[in-house]
Amino acid sequence: MSHSLPPEHAVLGAPFDACNDLAAAKNANLYRAAMRLGPERQRFFLAAYASMRVIDDIVDDGFLELPDAQRDAEREAVLETVHQWQAQVMAAKADVDNPMPEGGPLTGAVYDALRLTLGRSDLPADPWIELADALHRDIAEEPMDEWDDFIAYCEGATAAPASIFVYLLSARHDPEIGYTSPLTNPPLYHARDMAIFCYIIHILRDLPEDIKGPDRLVTIPSEMLIAADITLGEIRNAIGQGKYDDLDYLGKILLEHAWEHFETGQARSSELLSVLDTDEADTLSRLFTVYIELAAAMTENGYAAFLRDRDAIMQSTAQNSLPDVKND
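In numbering that gives the first Met the number 0, the protein residues as written are 0 to 327.
Keep in mind that a hint or two might mislead.
Calculated pairs, DSSO-like style, for lysine-lysine (alpha carbon to alpha carbon, straight line, at most 27 Å) [said to hold, decoys possible]:
| no. | residue 1 | residue 2 |
| --- | --- | --- |
| 1 | Lys-211 | Lys-251 |
| 2 | Lys-92 | Lys-25 |
| 3 | Lys-211 | Lys-242 |
| 4 | Lys-251 | Lys-92 |
To be clear, the hints were calculated from the coordinates, so they are not data collected in a lab.
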């Protein structure tokens, strides 16, 4: 199997340009990695990422930011929006017309992009269904008491999107038959534990920003807070006052869990190498390296030391492995 890296400015065309506008706004590590793939797989990634970004923003940046009374009043309506979104995804997978061309959460362009990719692939719609399950948890504001609750949430919130990326790394595209993958195990098998590892590091990396918002947006299970003998209020105060040593033990506990998932994830992701060529293996390695280097920085000198040098470490790790995507 052979793929070559795309031209720096691959021409994607409609309706994928609209998806790229949504995806590029974040310029996240996964987006940077996907932009190293060939144009056909870029299109699939952008359609998938944009379709998930749309509903995630409705829940996270819209509903969950509302005051308590307004959330209570709008909860059922937002649940219905997720239901409509899932119906659109399933219709796109079936390669049929948009069932909600006027009022659905997915715009016409994003729907068409998803239909042209997911609808012409052997990838099941499972990742979208699993994301919907995680969003239902968010909307219901189910408590995240134990570590098992956190892992169950991760299955939909982070492992499911990562499994699409794994699928695309291995996928072939044929104009007549669409996208097919030679993987013998489901993409989630290869993606799950490395995605959880990356997500824990992501939480620790972004904690100074996330803690500024409502407590419900901080996805650290109560079990971990109790073990570290700290509350979200105390985390907020420690970060606000620059008392990072108060957070060192919390970081240590979460990092121990992260490295456990890394060991399993590394073994399962290495099984992909038999179906990936040099370019794809390099892209996967670059994506993981960003989080591995962040985790190493948090582990070697302690989480408190990382927080003190956070901005510089974040900049260097991302740019070293996945430089900014150029849009000019």
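Going through the hints against the structure:
1. Taking the CA atoms of Lys-211 and Lys-251, the gap is near 22 Å; set against the 27 Å cutoff, the hint holds.
2. Proposed proximity of Lys-92 and Lys-25 is supported: the alpha carbons are some 26 Å apart, at most 27 Å.
3. A hinted pair counts as satisfied when its Cα atoms are at most 27 Å apart, and Lys-211 with Lys-242 qualifies at roughly 15 Å.
4. The suggested pairing of Lys-251 with Lys-92 is violated, with an alpha-carbon distance near 42 Å, which exceeds 27 Å.
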